[in-house]
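Visitor: Taken in sequence, the protein lines are chains A and B.
Counting from 1, one number per residue, gives the positions in the first sequence under the numbering used here.
Counting from 1, one number per residue, gives the positions in the second sequence under the numbering used here.
Rather than coming from a laboratory, the hints here were simulated on the basis of the structure.
Nothing here was measured: the structure is a model prediction, and the numbers come from that model.
Just so it is clear, CB atoms sit at the ideal spot from N, CA and C, and this is done for glycine as well.
One or more hints might be untrue.
[Unchecked claim] Here are the simulated DSS-like cross-link-like pairs (lysine-lysine), alpha carbons at most 30 Å apart as the crow flies: (1) A/Lys-4 x B/Lys-85; (2) B/Lys-51 x A/Lys-53; (3) A/Lys-12 x B/Lys-113; (4) B/Lys-71 x A/Lys-3; (5) B/Lys-36 x A/Lys-100; (6) A/Lys-100 x B/Lys-71; (7) B/Lys-113 x A/Lys-18; (8) A/Lys-18 x B/Lys-36; (9) B/Lys-87 x A/Lys-18; (10) B/Lys-71 x A/Lys-12; (11) B/Lys-71 x A/Lys-8; (12) A/Lys-74 x B/Lys-33; (13) A/Lys-53 x B/Lys-87; (14) A/Lys-100 x B/Lys-85; (15) B/Lys-113 x A/Lys-53; (16) A/Lys-89 x B/Lys-87; (17) B/Lys-33 x B/Lys-113; (18) B/Lys-113 x A/Lys-74; (19) A/Lys-100 x B/Lys-113; (20) A/Lys-18 x B/Lys-51.
[Unchecked claim] So these bits of chain A aren't anywhere near chain B, every CB distance computed over 10 Å: (21) Val-6; (22) Arg-20; (23) Arg-28; (24) Leu-37; (25) Glu-64; (26) Ile-76; (27) Asn-87; (28) Pro-97; (29) Leu-113; (30) Phe-116; (31) Val-125; (32) Ile-143.
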Amino acid sequence: MKKKVVLKLQGKTQNLDKIRSFVQEYAREIGFDERALSEIEMAVDEAATNSIKYSYRMDPDIPEELRFLEIELKQIRRGIEIIIKDNGKFFNLRNYPDVKLENHLSQFKSHGLGIFAIRRFMDEVRHQYRKGSGNIITMRKFISKTKR
Amino acid sequence: MADVQFSSRMDGGFCVLSVIGSIDAHSAPLFEKQLKGSLGKSKRIILDMEKLDYIATAGLGVLIASFNEIKGGGGTLVVAGLQDKIKKVFDTMGFSRVLNLASSVEEAKRVLK
Numbered sequence: 001m002k003k004k005v006v007l008k009l010q011g012k013t014q015n016l017d018k019i020r021s022f023v024q025e026y027a028r029e030i031g032f033d034e035r036a037l038s039e040i041e042m043a044v045d046e047a048a049t050n051s052i053k054y055s056y057r058m059d060p061d062i063p064e065e066l067r068f069l070e071i072e073l074k075q076i077r078r079g080i081e082i083i084i085k086d087n088g089k090f091f092n093l094r095n096y097p098d099v100k101l102e103n104h105l106s107q108f109k110s111h112g113l114g115i116f117a118i119r120r121f122m123d124e125v126r127h128q129y130r131k132g133s134g135n136i137i138t139m140r141k142f143i144s145k146t147k148r
Numbered sequence: 001m002a003d004v005q006f007s008s009r010m011d012g013g014f015c016v017l018s019v020i021g022s023i024d025a026h027s028a029p030l031f032e033k034q035l036k037g038s039l040g041k042s043k044r045i046i047l048d049m050e051k052l053d054y055i056a057t058a059g060l061g062v063l064i065a066s067f068n069e070i071k072g073g074g075g076t077l078v079v080a081g082l083q084d085k086i087k088k089v090f091d092t093m094g095f096s097r098v099l100n101l102a103s104s105v106e107e108a109k110r111v112l113k
């Protein structure tokens with residue numbers, strides 16, 4: 001198994017299934033169980049969706065060919081590191097308030113659940129934004145911490 | 001090729017909408033359309049999710065909005081047959097506490113009768 005793999009594709013929702021398959025295959029080889037694989041799948045899908053639906057949608061001036069997503073996967077000690085890069089506008093992942101699930105769902109609201117899922121399902125999440133290059137989301141999940 | 005397929009049938013007084021595949025931000029609008037179509041057939045909907053492999057929060061958002069709409073109109077929506085891995089996502093995200101869940105379509109029918 002390769003220590004690091006990279007997938008680069010257009011930032012379109014049509015590509016979300018390819019991204020999920022790519023990450024799941026690699027994470028499975030590392031040794032994550034089915035529950036952890038589902039959690040990784042959702043966190044990655046939601047992070048990529050944020051890039052496509054918010055980061056790129058907020059800036060219609062970015063040409064089609066520059067609307068990419070780059071997914072980098074690395075095996076780290078007892079876990080996986082996933083880096084998702086886009087070329088779009090800043091989106092506020094770090095300061096997005098935590099969703100209070102009970103209140104939220106009892107009022108049938110669903111916004112903010114993607115970020116909730118990313119934070120809940122991954123052990124470490126970091127968001128950087130560099131003007132001129134876009135958003136970089138780095139997420140880590142460890143095998144030992146998935147046994148709940 | 002679409003990564004999700006839908007089929008619906010009338011079963012007694014219920015409309016059973018079956019989902020095969022994955023619902024993500026790309027396919028969530030189609031899911032919404034299918035649910036609205038089912039609502040046009042019956043106010044009592046069983047969502048057969050036995051063959052659902054993945055659902056993103058975009059799909060969960062459609063589900064919660066539809067549940068609310070159906071409930072507000074005096075109808076019922078039951079989610080049936082979730083695989084364990086999807087059920088765990090529902091549990092973690094709090095959806096199990098809000099939605100009506102059944103282990104299978106048959107159980108959903110029994111509960112609703």
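Visitor: So, for every hint listed, does it hold in this structure?
Guide: Okay, the hints, checked on the actual structure:
| no. | hint | verdict |
| --- | --- | --- |
| 1 | A/Lys-4 x B/Lys-85 | holds, 27 Å |
| 2 | B/Lys-51 x A/Lys-53 | holds, 27 Å |
| 3 | A/Lys-12 x B/Lys-113 | violated, 44 Å |
| 4 | B/Lys-71 x A/Lys-3 | violated, 50 Å |
| 5 | B/Lys-36 x A/Lys-100 | holds, 28 Å |
| 6 | A/Lys-100 x B/Lys-71 | holds, 23 Å |
| 7 | B/Lys-113 x A/Lys-18 | violated, 42 Å |
| 8 | A/Lys-18 x B/Lys-36 | holds, 28 Å |
| 9 | B/Lys-87 x A/Lys-18 | holds, 23 Å |
| 10 | B/Lys-71 x A/Lys-12 | violated, 34 Å |
| 11 | B/Lys-71 x A/Lys-8 | violated, 43 Å |
| 12 | A/Lys-74 x B/Lys-33 | violated, 39 Å |
| 13 | A/Lys-53 x B/Lys-87 | holds, 26 Å |
| 14 | A/Lys-100 x B/Lys-85 | holds, 23 Å |
| 15 | B/Lys-113 x A/Lys-53 | violated, 42 Å |
| 16 | A/Lys-89 x B/Lys-87 | violated, 34 Å |
| 17 | B/Lys-33 x B/Lys-113 | holds, 27 Å |
| 18 | B/Lys-113 x A/Lys-74 | violated, 52 Å |
| 19 | A/Lys-100 x B/Lys-113 | violated, 34 Å |
| 20 | A/Lys-18 x B/Lys-51 | holds, 19 Å |
| 21 | Val-6 | holds, 22 Å |
| 22 | Arg-20 | violated, 7 Å |
| 23 | Arg-28 | holds, 13 Å |
| 24 | Leu-37 | violated, 8 Å |
| 25 | Glu-64 | holds, 17 Å |
| 26 | Ile-76 | holds, 24 Å |
| 27 | Asn-87 | holds, 19 Å |
| 28 | Pro-97 | holds, 16 Å |
| 29 | Leu-113 | violated, 4 Å |
| 30 | Phe-116 | violated, 7 Å |
| 31 | Val-125 | holds, 16 Å |
| 32 | Ile-143 | holds, 17 Å |
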